[in-house]
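We have chain A; now place chain B with the ligands onto it with these hints.
So the protein sequences, as listed, match chains A and B.
Each residue of the first sequence is one higher than the one before, counting from 0 in numbering that gives the first Met the number 0.
Each residue of the second sequence is one higher than the one before, counting from 0 in numbering that gives the first Met the number 0.
Hints may be right or wrong, so weigh each one.
[Unchecked claim] Simulated DEER-style distance windows between Cβ atoms: (1) A:V79 - B:R141: 14 to 24 Å; (2) A:G32 - B:S15: 54 to 64 Å; (3) A:L127 - B:E19: 19 to 29 Å.
[To be verified] Here are the simulated DSS-like pairs of lysine-lysine, each with C-alpha atoms no more than 25 Å apart in a straight line: (4) B:K139 - A:K283; (5) B:K120 - B:K130; (6) B:K186 - B:K232; (7) B:K118 - A:K185; (8) B:K118 - B:K130; (9) A:K97 - B:K78; (10) B:K232 - A:K185.
No wet-lab data here; the hints were simulated from the structure.
The C-beta atom is built at its ideal place from N, Cα and C for all residues, glycine as well.
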Amino acid sequence: MKRRFKADRFLVQRMGISLIALAAILTVVPIIGLFGYIIAKGAPAISWEFLTTMPSNGMRAGGILPAIVGTFYLTLGTAVLSVPLGIAAAIYLAEYAKENWVTRLIRIAIINLAGIPSVVYGLFGLGLFVLFLKFGTSILSASLTLSIMTLPVIISAAEEALRAVPQSFRTVSISLGGTRWQTIRKIILPQALPGIMTGVILGLERAAGETAPILFTGAAFFLPRLPGSPLDATMALPYHLFVISTQVPEMPIQIQYGTALVLIVFVLGMNLIATFIRSRARAKRQW
Amino acid sequence: MAAIKIIVQNLSLQYSDGTESLRDINLDIPANNITVLFGPAGGGKSSLLRCLNRLNDLTEVQTITGKILLDGENILDPKTDVIALRRRVGMVFARPVVLPMSIRQNLTYGLELAGEKHKSKLEEAVERSLKLAALWEEVKDRLEEAAVALSGGQQQRLCLARVLANQPEVILLDEPTSGLDPISTGKVEAALQELKKNYTIILVPHSVQQAARTADFAAFFLQGELVEAAEGKEIFTHPKEKRTEDYVEGRFG
Ligand SMILES: Nc1ncnc2c1ncn2[C@@H]1O[C@H](COP(=O)(O)OP(=O)(O)OP(=O)(O)O)[C@@H](O)[C@H]1O
Ligand SMILES: [Mg+2]
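Chain A on its own, in the form it takes in the complex:
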């Protein structure tokens, strides 16, 4: 009787494990399938020429250089605008702000901002940066819009990373005659940096792949030359992909998948860097 019971339990456990394994397979297979499909279809399009020349023949031939450069500029612009501001805000929230209704309101706002659909950011950017501030459809307007979208991600991640640094380090540093700012600069920030970097990269990665926020604020359908200033509009990989997939008749499918592959590599590369930073910091961490 007892033995039966034991065997039953064993069986239930085995079934449980099998179910979990099945769930894991069900999530992993489509992802691998997706990548495999895009690589298989897109890889033949990839060549030095594809990466370094302008599109030609109404974008049906040639390369995608302006889209690559544009996405690079937009990501860079977003980083320049959102990273310092985001980290400063996180330092304020984690290290200086007292817990009161103002900080609670700020936190609620940040959480809710992260949940707003990206097209809403696009409309907001159009109203504020393009029209009201008269920055026009430009890299500047698009970067500002992407920054607003990225800021909540950076602030939350950075605040969490700062709070994860043990309180005792702060107490010790202060007790040795450190000011609050010295403590932050010499101990807290360096210790939190890998966590902050991970958040920053994940935020920028999302910005790099978005279409809707740049649609009305800075993305161009086609430009015959590379943007020369922050006030120029620009082509960008995600929007370019949208354009050549839906707006251009008789588009060679190879170029579409080639473009998708470049975008994925760009975004995934950032993700890999973030993972690398995180795992290296974990190994080196002393607390």
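Relative to the frame of chain A, chain B with the ligands by itself:
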């Protein structure tokens, strides 16, 4: 009787959750002695230590009244330069907290905060403080190693050395040996006996035995009240108060 370094006058402290952790404390702390603050948990010993270097500024304190005179100056005065105060009054905590850097960097941290850049001065401080904390022989060849690699006992002596590198006048120690083995404890206590020649030492011991072993002067705290303060020899052999006697003889606590 030795010169008085610190005078605590009518000190009362209430945390913002309403806890009254110190009630009208009056205490003279002599220079170049080990003064022991002892008593059962929650008596207010740590609270008093954290007043002495204004570390309480970091916690939610509701009201604090009275005076603490360090060489005659009231350090509770809002105009006090707390940074300078914390250099003069260093603190060692119960759990050794080494900063996530090398042994050497741990030792020079306080001086560098103060803007000391001369290599020779820093070098000199490292050696001097390690010798004072009886750690020099054990770590002199591995100063660039991460401080977390040290044993618990070594880490705690490093924390003591780190305070000493700042050249303080007063050293506060809050149960510094509570996590240490008897040998490490012995080393810390021996170092303190040596240090008291040049420093004012205030120690919260982790046991009555340690209190009796180390105290030149001792003050017994019970639920925020200072019950009795006297020379160590006195208080542990002929306590005046019944409550002190009960505690010292182990009838409660
Ligand atoms: N940050 C704080 N906020 C609120 N109450 C506190 C705080 N720190 C200490 N207390 C309370 O103040 C009283 C005295 O605490 P304190 O830590 O000074 O006692 P102690 O004598 O050091 O005790 P122990 O031997 O346990 O370390 C206790 O009732 C404690 O709960
Ligand atoms: Mg205590």
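Going down the list of hints, with the structure as the test:
no.	hint	in the structure
1	A:V79 - B:R141: 14 to 24 Å	43 Å, violated
2	A:G32 - B:S15: 54 to 64 Å	58 Å, holds
3	A:L127 - B:E19: 19 to 29 Å	54 Å, violated
4	B:K139 - A:K283	24 Å, holds
5	B:K120 - B:K130	15 Å, holds
6	B:K186 - B:K232	22 Å, holds
7	B:K118 - A:K185	19 Å, holds
8	B:K118 - B:K130	18 Å, holds
9	A:K97 - B:K78	22 Å, holds
10	B:K232 - A:K185	45 Å, violated
The earlier numbered hints that this structure contradicts are 1, 3, 10.
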